[in-house]
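Residue numbers (my numbering), protein chains in the order written: chain B, -9 to 316; chain G, 369 to 746; chain H, 31 to 337.
Derived by calculation from the structure, the hints in this document are not laboratory data. Ideal placement from N, C-alpha and C gives every residue a C-beta, glycine not left out. Any given hint might turn out to be false.
Label pairs and their in silico Cβ distance ranges [unchecked claim]:
1) H:Met210 to B:Ser138: 57 to 65 Å
2) B:Phe289 to H:Phe189: 19 to 27 Å
3) H:Thr297 to B:Ile156: 47 to 55 Å
4) B:Ile75 to H:Thr297: 41 to 49 Å
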Amino acid sequence: MISEKIINLGCITCLLIFSLVAHYMDEPYFVTLATRITIFAMAAIGLNLVLGFGNLISLGHAAFFGFGGYISGILATHAFNSEPIFEWPLIFSGSSNLIVIWVLTALLCSALALVIGFFCLRTTGVYFIMITLAFAQMIYYFAISWPSYGGEDGLSIFIRSSLFNINTMNGMNFFLICFFWLGLSLYLTSRIIQSPFGLALRASRYNLDRVKSVGITPFRIQLLAFVISGVITGIAGSLYADLNRFVSPSSLSWQMSGELIVFIIIGGVGYIYGPLIGAIFFVTFEQIFGSYSEHWQVFLGLLIILTILFARGGLIGFLSRSRDYE
Amino acid sequence: MFKLINSVIVLSVLVATSAFADGHKLKVGMITTLSGGGSGLGIDVRDGFMLAIKNNKNIEIIIEDDQRKPDIAVQLADKMIQSEKVDVLTGIIWSNLAMAVVPAAVNQGKFYLSPNAGPSALAGKGCHKNYFNVAWQNDNLHEAAGGHANSAGFKKTFILAPNYPAGKDALTGFKRYFKGELAGEIYTKLGQKDYSVEIAQIRASNADSIFFFLPGGMGIGFMKQYAQSGISIPVVGPAFSFDQGILKAVGVAALGVKNTSQWSKDLDNEANKTFVADFRKEFGRLPSLYASQGYDTGKLLISAMEKANVKDADSFRDAIRAADFDSTRGSFKFASNHHPIQDIYVREVIKEGDILTNKIVSIGLKDHSNAYVDQCSM
Amino acid sequence: MTFELFIEQLLNGVQFGFMLFLMSAGLTLIFGVMGLINLAHGSFYMVGAFSAAAVATVFGSFWLSLLASLIFASLAGVIVEVLVIRRLYNRDHLDQVLATFALILLFSESVRWIFGAYPLYLDVPDILSGTIQIMGGIYYSKYRLFIIMVGLLLSIFLFFLIGKTNLGVQIRAGQHDREMISALGVDISKLYTFLFGIGAALAGLAGALVGTIQSVEVGMGEPVLILAFVVIVIGGIGSIKGALVASLIVGCVDTMGRFLVPWLLTTITDPSTAMSIGSAIASMLIYILMAIVLIIRPTGLFGKVLT
């Protein structure tokens, strides 16, 4: 049995070493792959905050992932074409400065999460799953039919947005930016769940009445968690758009939401590092099996089913047999 | 499975190339849809292309599946450009994937030959010297349908397409050439399969004909339900809903329908006869439109390789632009924005024995170019 | 817009509604009785359509193909229940969502492996093809009328099964108290398998009926699945009555929305823009409806009110 800490530390170092080695061996594709894992992990970490610790199963987190991507794409496109986004009541032009993009993404995603969360958190259980899906589907269909930003064709960003004097087109630099965000969100999550707020959130998944009786309003706790979660996933979406230099409605689809849940469960629900391990595993699996068979999804399906039936607690649970946060 | 076979091919080609060290060698990366929805099209393009370059020792090819996901396509393109160092990219089926991949690829100095998607953005302002479309500009077949509607004497046509960019391009393309009046214009939901609502509106509209662009399963649903509706006005559409792969699923509902295409199985030229016969022999099925496009892409590439080395980008580009190959479509030239100038035919769905297929009935538009030539400054 | 057109569209809405009911009846029963969220329900719809198409190709009979869809879909349902689903009843929703999501991947890719990437063919039998004149001047597709009839008959059958038979008593008891019913000597495990098979069979039949006039292809189940979920959530999970009412509401709202929203917009803007914006709004309409229903009644129209 390996301790959970070692697994966590091992995974994150492996990711870093993998991309460094790939970089020095001049294999930029593998650096991109590592960046993709990093971003997926971050998006799933956002979802894990409500799903793993608050037991709020959102099947609509692609809404934030895609929304973040579109904010990034729209700002960058307007900056590239030097056309203002709107001119009234004041002129607001696009931006290709990552700091500006991130701040705006955080603001707009928290606004979106506030609205969606406000309505969805009135329901529980399956109703919550379905109403989050409903909101995501609304945004998805809107994005497909709205012609200004490419509709189904999506929106190309010609040059990655910039950060200070760093050359973001260099794969390794961009990886490090994403890696920084991954570290930040892991740190934030661990701080949050140990704070009184996090304790209340985790308590609310077990016994709403008891939480209420000590004078906490679960609705507020859950809404705040939902907003933080939406922001983290949104920023991951924004990074993903910059990684691909492209954003399209497929990042808003319900399959995307499903995949984020897959990362969490494969890694282990309720573990802070669960999403990271899930994302590493998923992407590696896709790369290896995808190159052997066009029908690799059959094996993925089988594997997920086996994980759920026999390896409860996901990979971390399976490897460490610890149930720290369950 | 194919990947395994494919790597064997790559290996044997590699071994073989060392023996022919004097020819111009070239590495091709093909990104196409081989799994998930719409994989039939990608498989046909791949098979057509592989048939064209069969026995060519100087081409090394890497094939990857994009799963019809733009983000996967972008990553595969990065991999092929950065790690595999390919010279030429090709294979993408869908406009949205092409929009995600092509601008970045050509800006990094790679050549891109499109065997299918031809979005207007890449034909007009976004055209590029290294981007060539070997199939059609997206509007082409719809424009020809408009031309056909005029010569068939349609006065009041009902038009419909899904509500997404290619659907809007389709209706715009049709309207660009159609001179009659519109009985109605409907945008349907992307992926919609039930057309009862639209068919009722067509019935109520007193239209004398219908033009529709509903690719894939959408078109199958529409044609079957239309055949059940008791409305008997003529239907015209682009080839996508009536091509070889899909006809079996549409069934007799398609019989007699006119559709526009730049290629047909019965086109009377040597290159096409060879292609159809070889394709049937190799894969045991009739080739589709997409297979012919893949095949022409392969032949075009070979013709350019014979003339120039890909490392000398300028002369290689000139060699492609010359389009000095025997196309399955007969005459084939590139317009100044690197999209085809070709005849677009009107085909009719017929039955040959038990098999539904198409035959050419007339020419829709002769030597047809595209509407975006002037917007492209190259 | 004429009165005839309006009535025809309403019929289309009702037909769509009954189709949704066949899908959602199984889904809502399975959830109500066994507490299971089954995302793979759409796969049974696909299995039904593919087995119907395969049988129709070999034997050339539409009626035989309908039978095949019932048999093969219920068979698939029973196998999946015994191998996988029954281990999930006591798990939380998350495990259920994911395991059944994995089943979708498994089913879709396996079917593609077996049948290839191009859609299959299934056609309307001669006796049901063409239109029939009803209520004066309205010509309506015989086949769609047939679907309405089938849906109506099956709804009556289901209400009878649940309301009047011994099996129905067990099902209703199972919804309220699982321990009690097994204490009374009912073999709960068999009851579950049977119920799951019935749900799968209904979905399979829906797949075959719809596949006949649409297209039989991999991935056809998921869009319908999402709609079926919308239906059972609006209706209140576990309620057959809710599923029926919500199916008809969703069917009519979606159909009439596609038709009326663009038409209303043409009064304020030019036709091309109106169509484009109108169809965008129409495709969001049922999700908006669902969100509104849940905001007002968080457990759906006929769901048990939680305290």
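Tested hints:
Distance hint check: the CB atoms of H:Met210 and B:Ser138 are about 59 Å apart, consistent with the given range 57 to 65 Å. Hint check: B:Phe289 to H:Phe189, Cβ distance near 43 Å, so the stated range 19 to 27 Å is violated. Against the hinted window of 47 to 55 Å, the Cβ-Cβ separation of H:Thr297 and B:Ile156 comes to about 54 Å, which satisfies the hint. The beta-carbon spacing between B:Ile75 and H:Thr297, approximately 30 Å, falls outside the hinted interval of 41 to 49 Å.
Violated hints, in rising order: 2 and 4; the structure is consistent with all others.
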